[in-house]
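> Protein chains in written order, with this note's numbering: chain A, 1 to 311; chain B, 312 to 592.
Derived by calculation from the structure, the hints in this document are not laboratory data.
Just so you know, even glycine gets a beta-carbon here, dropped at the ideal spot from N, CA and C.
Just so you know, nobody snuck in bad clues.
Distance windows between CB atoms, simulated:
| # | chain 1 | residue 1 | chain 2 | residue 2 | range |
| --- | --- | --- | --- | --- | --- |
| 1 | B | A377 | A | H44 | 45 to 53 Å |
| 2 | A | S301 | B | V571 | 36 to 44 Å |
| 3 | B | Q583 | A | L65 | 42 to 50 Å |
| 4 | A | F146 | B | Y535 | 38 to 46 Å |
| 5 | B | G448 | A | F146 | 56 to 64 Å |
| 6 | A | N253 | B | P504 | 44 to 52 Å |
| 7 | A | V83 | B | M429 | 18 to 26 Å |
| 8 | A | Q303 | B | A492 | 40 to 48 Å |
| 9 | B | L505 | A | S301 | 37 to 45 Å |
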Amino acid sequence: MNLPTSRARRENLFGYLFAAPWLIGFGGLTLVSMTASLFFSLIHWDGINVDTIRWAGVDNYARALGDGDVAIALWNTAYYSFVSVPLGLAFGLALAMLLNQPLKGVTLFRTIFYMPAVVGGVATIMMWIWIFNPDYGLLNSALYRFCDGLAALGWEAAAGWRMPSWIFSQDWAMPSLILMSLWGTGSAMLIFLAALQNVPDSLYEASDLDGAGRWAKFRYVTVPQISPALFFNLVMGVIGSFQVFTQAFLMTNGGPNKATLFYVLYLYNKAFSDFELGYASALAWILFLIILALTALIFRSGQLWVYYEGE
Amino acid sequence: MIDHRVQRLLLRIGLYVVALGLSVVFLFPLVWAVGASLKPLLEVYRYPPSLLFWPLRWDNYTEAIAKLPFLRFITNTLMISTAATLGQVLSASMVGYAFARLRWRGRNFWFVCLLATMMLPGQVLLIPNYLIFKNLGWVNTYKPLIVPAWLGGGAFFIFLFRQFFRGVPADLTDAAHIDGASEIRIYASIILPLARPVMITVGVLSFMGNWQEFMMPLIYLSDYQLYPISMGLRMYQQVEGGSYVHYLMAASVVALCPLVLLFFFAQRHITQSLLLTGSKG
Numbered sequence: 001m002n003l004p005t006s007r008a009r010r011e012n013l014f015g016y017l018f019a020a021p022w023l024i025g026f027g028g029l030t031l032v033s034m035t036a037s038l039f040f041s042l043i044h045w046d047g048i049n050v051d052t053i054r055w056a057g058v059d060n061y062a063r064a065l066g067d068g069d070v071a072i073a074l075w076n077t078a079y080y081s082f083v084s085v086p087l088g089l090a091f092g093l094a095l096a097m098l099l100n101q102p103l104k105g106v107t108l109f110r111t112i113f114y115m116p117a118v119v120g121g122v123a124t125i126m127m128w129i130w131i132f133n134p135d136y137g138l139l140n141s142a143l144y145r146f147c148d149g150l151a152a153l154g155w156e157a158a159a160g161w162r163m164p165s166w167i168f169s170q171d172w173a174m175p176s177l178i179l180m181s182l183w184g185t186g187s188a189m190l191i192f193l194a195a196l197q198n199v200p201d202s203l204y205e206a207s208d209l210d211g212a213g214r215w216a217k218f219r220y221v222t223v224p225q226i227s228p229a230l231f232f233n234l235v236m237g238v239i240g241s242f243q244v245f246t247q248a249f250l251m252t253n254g255g256p257n258k259a260t261l262f263y264v265l266y267l268y269n270k271a272f273s274d275f276e277l278g279y280a281s282a283l284a285w286i287l288f289l290i291i292l293a294l295t296a297l298i299f300r301s302g303q304l305w306v307y308y309e310g311e
Numbered sequence: 312m313i314d315h316r317v318q319r320l321l322l323r324i325g326l327y328v329v330a331l332g333l334s335v336v337f338l339f340p341l342v343w344a345v346g347a348s349l350k351p352l353l354e355v356y357r358y359p360p361s362l363l364f365w366p367l368r369w370d371n372y373t374e375a376i377a378k379l380p381f382l383r384f385i386t387n388t389l390m391i392s393t394a395a396t397l398g399q400v401l402s403a404s405m406v407g408y409a410f411a412r413l414r415w416r417g418r419n420f421w422f423v424c425l426l427a428t429m430m431l432p433g434q435v436l437l438i439p440n441y442l443i444f445k446n447l448g449w450v451n452t453y454k455p456l457i458v459p460a461w462l463g464g465g466a467f468f469i470f471l472f473r474q475f476f477r478g479v480p481a482d483l484t485d486a487a488h489i490d491g492a493s494e495i496r497i498y499a500s501i502i503l504p505l506a507r508p509v510m511i512t513v514g515v516l517s518f519m520g521n522w523q524e525f526m527m528p529l530i531y532l533s534d535y536q537l538y539p540i541s542m543g544l545r546m547y548q549q550v551e552g553g554s555y556v557h558y559l560m561a562a563s564v565v566a567l568c569p570l571v572l573l574f575f576f577a578q579r580h581i582t583q584s585l586l587l588t589g590s591k592g
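The following block holds chain B by itself, in its conformation from the complex (with noise of 0.2 Å):
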């Protein structure tokens, strides 16, 4: 009896360890570039390598936002996730509850073109859409980045808004079918503030992706003044050889920081709605 309470604990134990073992692998690398930020160059490339340098070095992060426009591809990436962030809640919302909750002629053949469309590699659309934004003179602002998020937002985003909105008992639509209320008036005052989870999750990881974007950007501006932070980090890569790296990392350390802070604060959400979208298959 002993001895298997025993075991048990010592399983636990072990569990623990493994567990706070990963932990600490998972976290490294962006421990290890806060470190990286905070040495001075001299201090960056020294063999063997040392994890921290005392003192901290702050005035790396000065320096870096003065070295180039940081501040202006911050700003510019603010701009280019929000509204395109606006347009796949909305859109994405929209069409998932077309797919969840109406019936209209065709609805099946067009979600099985929705699901087809995961499995078309963007490159395929790559060169026309290229071609087709700059014949309405779309390259080099922001367009190209921003309105196709408006058209339906991806597949991914609708099908998480349809799973949700099926959920959704239908008492409490008819109940206002009824009364006679109109599709856009239930969409937006009953199904909408219900759907506050999934428009959390769908918002947070679409902010993020965009956040992110490194294609689109790369392939549609060339004026840098224009770039966002993931252009931004390349120029910190390029500039001079390669000899920024300690600014190169603690700009990157910058760019992340709101994108943790946002990840910290929404990953309840975010995980409760992508297990409850998963177990439904």
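With the rest of the complex left out, here is chain A (with noise of 0.2 Å):
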């Protein structure tokens, strides 16, 4: 860039000042900390002592093709990302498009639904696990009562059905924290409801004047027009839905056998409570390579199906 001006250049200096903050914190933590991170995916070391380190070149990233819990972790966590995303962005849209209708109130269920989106944490995860207790808790509390209805309505086989267990079935813990997820549906609802809003009347009323039907308005025009706004939210929430740890750390500890051992949650294991810094730390970049080959993919598809304004 050429800088003519004292003006400019003191523009100039003052962004390096201003962009401080994230410069220091970029080339001084998160760089250095790649670079360390790559180096000790290459070595043996338990962390504390320097003396301990062995090269160890790539047979920590063989070791993790052929651990079968890497296996089971990466499985359960693509199957919590594939279902979980996608319900949670249709569960999203619909919450959105219920919203974008002209009902008295909406502001109200606006902030209803999305509160447990940002107002969550380890308070709300200890509230689902007694609302998942299998003999105390609200969910089969609530199946119980259906079922009795259902026998007293002339089902009688209903009585007798066996409630799930939910977090502690090795069967039910994953859909468990899957029907959580979509508790904390909000965040990708708002921005659904963004887009939605900003969908030009115009396009309505012509498709009208063609003679679209409800399906034909919502398949030709309401999807193009908030393309955008599905890509971002598949983006972030599948890169969010690979990091998963805290659900799954206090509510089932990555059991029933294994059942919930998600790929943060192994890495955890590997690093604070086994000690091995190297071979954490190439499942850390193994996680890294699988986010960066899934986004890759998104945006490349996304040319097919992402609509911007004025191309």
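Assembly of the complex is requested from the two constituent chains, each provided in isolation within its own frame, with the hints serving as guidance.
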């Protein structure tokens, strides 16, 4: 860039000054730690005694490829991601479309739907543990009453149905966590809502003239118009879902029988319980590569289905 | 004609029923937890469970607070969250300003780097960061939870500020430039006062995020006197084989209260800022 005037030179200086906090953090912490992490992934080390460092080369990566637990953790994480993200998008879009209707009290509904997305953390995880309790929890209590009702209506067999054990059952633990994730779909909903409010009315009016039905309008007007929001939510959802940790750590600790052994939980155990820093670093880099590959894939596919104004 | 109107009325009623039903679904976990926090332990473990129990056992709350150093946990959380939030709001607004309004060499390159960090999972940095902070003697202090917050506050918040600052008309700052005002004065006395809605949004979201943070305290804090509430709740969960459910629920409800209140006061600003940013892409 050419900086002819003193004002431009001053602006350049102030630019660096204002960006300094992030530049320092990025250079001093992010880049340094990334390099260090890459180096750690190539050694064996317990993280305590420097004398115990041994060169590993690609051993840690090779070990990850043959590690049955890594395969389980990857499968679990991918399963969670590929089910919870599309469900969350569909649910979030449905909620946004509901809120886009001219209803009274729409602000209150929006507040209620959005709240669990930001107000959460350990406190709500504790609540969900109790909700999922097979004997004394909310879910089974509701199901129990529902089945009782069915039996009272004459469907006798319903009274004998067994209730799922939710997070305490190998088969139900993962669906439980997915169900819980839907409760926090408010962020995606808000972004969809912004997109829906920006679809020009003229497009719907034009399709009315063409005699388009509800489905056709949704498919050929709404979906293309909100595709950038869909794209954004998809990318953020996938990146986030591959880093699930706290729920699995507190609710199931990876169980029962590794049914909720998520990738980051396994990584955490390797790093901070087993002190295999080299192996854990290799696992972190594999995760980074997977996320990069998935993001690249979504970006490539986006060229086919994301519609940008003015193209 | 009448048919058409009846149809539309029915549709509206249907929409209200769906919206109300969903509201109940979204609120019920909280209601259920409040209910459990007001039952005696025997009632909590009754089958089939009841939603509420009479009379309400308010003693659960006083007893829960007395069982573990609950007030200490809350004070710790307040200290950490306040310090980290201040850092995130201040540094993210500065960096966002640099990316939105100032022309400096390499700005576009650094902006791409900033966006790329969104894809970088924190786990890649976790172990080296831990070793760096350990060697600085920061383990069992709040520094690992606070200092990084002052270094830009994360790509998302920087992006939020940048989007907002780009929308501020150039005339406002041009006039100040002609009067010879420095960039720092323009930022502090023109830009920041305008940015109140975004400051509130980032401030509240950041405060809630810091309040709820679990993995960082789990890794860096081992002395329970230093625990924030997220780790404190885990102590309630673990104490005496989990026989503290009613206390755990009471503590969780108290831990959530400030967040729910904060959310209801700030939600108008938050949703509007996010709707605005979202619509600009």
